[in-house]
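Participant: When you get a sec, could you build the whole thing from the sequences and use the hints?
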Amino acid sequence: MLNGVREAAIAGKNGGRCERERGMAVSLRESVQQVSDPRNLDASVEEVFQMMLGVECRRHAPTAAVETESVTAVVGFGGLLSGACVFRSGARAALKIAARMTGMEFQSVDDTVKDGIGEICNMLAGAWKGKVPELAANCGLSVPAVITGHDYNLHVQAAAAAALPPRQSAPRSYRHRWPSACRAMHPK
Amino acid sequence: MGEIRTLIVDDSAVMRKIVERSLRQAGLELLVVHEVGSGTEALEILRAQPVDLILSDINMPAMDGLEFLRQMRAQNLAVGVPVVMITTESSEEHVKQAIQAGARGYIRKPFTAEQVKERVLPLVSAA
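Residue numbers (our numbering), protein chains in the order written: chain A, 1 to 188; chain B, 1 to 127.
Calculated from the structure, these hints are not laboratory results.
Where hints are given, some of them may not hold.
To be verified - Heads up, simulated EDC-like pairs for lysine to aspartate or glutamate below, C-alpha to C-alpha not over 16 Å straight-line:
1. A:Lys131 to B:Glu93
2. A:Lys131 to A:Glu47
3. A:Lys131 to A:Asp111
4. A:Lys131 to A:Asp42
5. A:Lys131 to B:Glu92
Stated by the list, open to error - Non-contacting residues of chain A with respect to chain B, defined by C-beta distances greater than 10 Å in every case (computed):
6. Val32
7. Asp115
8. Asn122
9. Thr148
Said to hold, decoys possible - Covered stretches of chain A (in silico footprint by chain B; criterion: 3 or more residues with CB under 8 Å from a CB of chain B, positions within the stretch not fixed):
10. 96-104
11. 128-136
The structure displayed is predicted, hence computed values, not measured ones.
Note that beta-carbon positions come from the ideal geometry of N, C-alpha and C, so glycine has one too.
Facilitator: Structure representation (C-alpha cells):
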C-alpha cells in the first residue's frame with residue numbers, strides 16, 4: 001500500500017481550530033498507527049479469501065518467481081487517505097481464484113479472470129480501510145484497474161498534499177491452501 | 001414463495017454471478033434475474049419491467065448505487081420494492097446514507113451465502 005494522510009485533515013495550520021478538529025487530529029494520529037499496522041492487512045487477506053473463496057490464505061515468505069505472467073489489480077484510495085491497494089498474483093493462481101469465484105474453468109487470463117481479481121482487490125481495500133474507523137467513513141475507493149502481462153513495474157503517484165512522507169509498505173506475500181478439488185465457493 | 005424477479009446491479013460480472021448463486025443457495029429457487037453494470041442501466045430496466053427485489057453495489061462508474069436509489073425514488077420506480085446494498089463500503093455513514101436513500105438492507109463485501117440469506121430472505125418473505 002502506498003499512502004499518505006492529507007495534511008489538512010491531520011494537522012491544521014491555523015491557530016483557531018475548534019475542539020472537534022483537535023480531537024479529530026488526535027484520533028487521526030492513532031489511525032495512522034493502525035494504517036501502518038501490517039496485521040490489519042493480513043487479517044483482511046484472510047477474511048476475503050476465507051469468506052469469498054473458502055480458502056485459507058496466510059502470510060508466507062516470498063518464493064523465487066518462476067512464473068513470468070502475472071495479474072495486478074489496483075484500487076485507489078481518495079479523501080482522507082491517498083494511495084492505492086495493489087494485489088498481484090501469478091497467472092496460474094489468478095485462474096484458480098477466478099475458478100473458485102465463478103465455478104468456471106479458465107485456460108487463460110481473460111476478462112472474467114481480470115474482473116474477479118479486480119473484485120478481490122476491491123474487497124481487500126474495503127476490508128482493510130474498514131478496520132480503521134476514520135478511514136471507513138472518510139476514504140473512498142476507486143473502481144479496480146487490472147494489468148496483465150510480463151515484466152512490468154507499477155508506480156503509484158504519491159499524493160502532493162500528504163502530511164506524512166509517502167511510503168510504500170513492504171510487499172507482503174501470502175500462500176493459499178487450495179482444497180483438493182477446485183470448485184465454486186457458492187455452488188448451485 | 002413464487003417467482004422472484006430480481007435485479008442485480010454491480011459493475012463486476014463476477015460479483016453479479018456470486019450474488020445470484022448466493023440467492024439461490026438461500027432458497028430463492030424461482031429467480032428471474034436481470035443483471036446490469038450501472039445505475040443508469042438499472043433505471044432503464046425498472047422503466048421497462050417490474051421487479052420484486054433489488055441488490056445493488058455502491059461504488060460503480062457512471063452512476064453509483066446511492067445515486068441510483070435516489071433517482072429510482074425521484075422517478076417513482078419500483079415503489080415498495082426492497083433494495084439491499086452489497087458493497088465494500090462499511091462505515092456507519094455509508095449505511096445511514098443508504099437507508100436514507102431508501103435501502104432496506106446492507107451487506108458488506110466480503111460476504112457469505114448465509115449472510116445473504118439472513119438479510120434478504122425476510123425482506124422477500126414480507127413482500
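Participant: Hint by hint, note whether the structure agrees.
Facilitator: Hints, one by one, checked against the model:
{"no.": "1", "hint": "A:Lys131 to B:Glu93", "result": "15 Å, holds"}
{"no.": "2", "hint": "A:Lys131 to A:Glu47", "result": "12 Å, holds"}
{"no.": "3", "hint": "A:Lys131 to A:Asp111", "result": "31 Å, violated"}
{"no.": "4", "hint": "A:Lys131 to A:Asp42", "result": "12 Å, holds"}
{"no.": "5", "hint": "A:Lys131 to B:Glu92", "result": "13 Å, holds"}
{"no.": "6", "hint": "Val32", "result": "18 Å, holds"}
{"no.": "7", "hint": "Asp115", "result": "5 Å, violated"}
{"no.": "8", "hint": "Asn122", "result": "6 Å, violated"}
{"no.": "9", "hint": "Thr148", "result": "16 Å, holds"}
{"no.": "10", "hint": "96-104", "result": "holds (count 4)"}
{"no.": "11", "hint": "128-136", "result": "holds (count 3)"}
Hint check: violations occur at hints 3, 7, 8; the rest are consistent with the structure.
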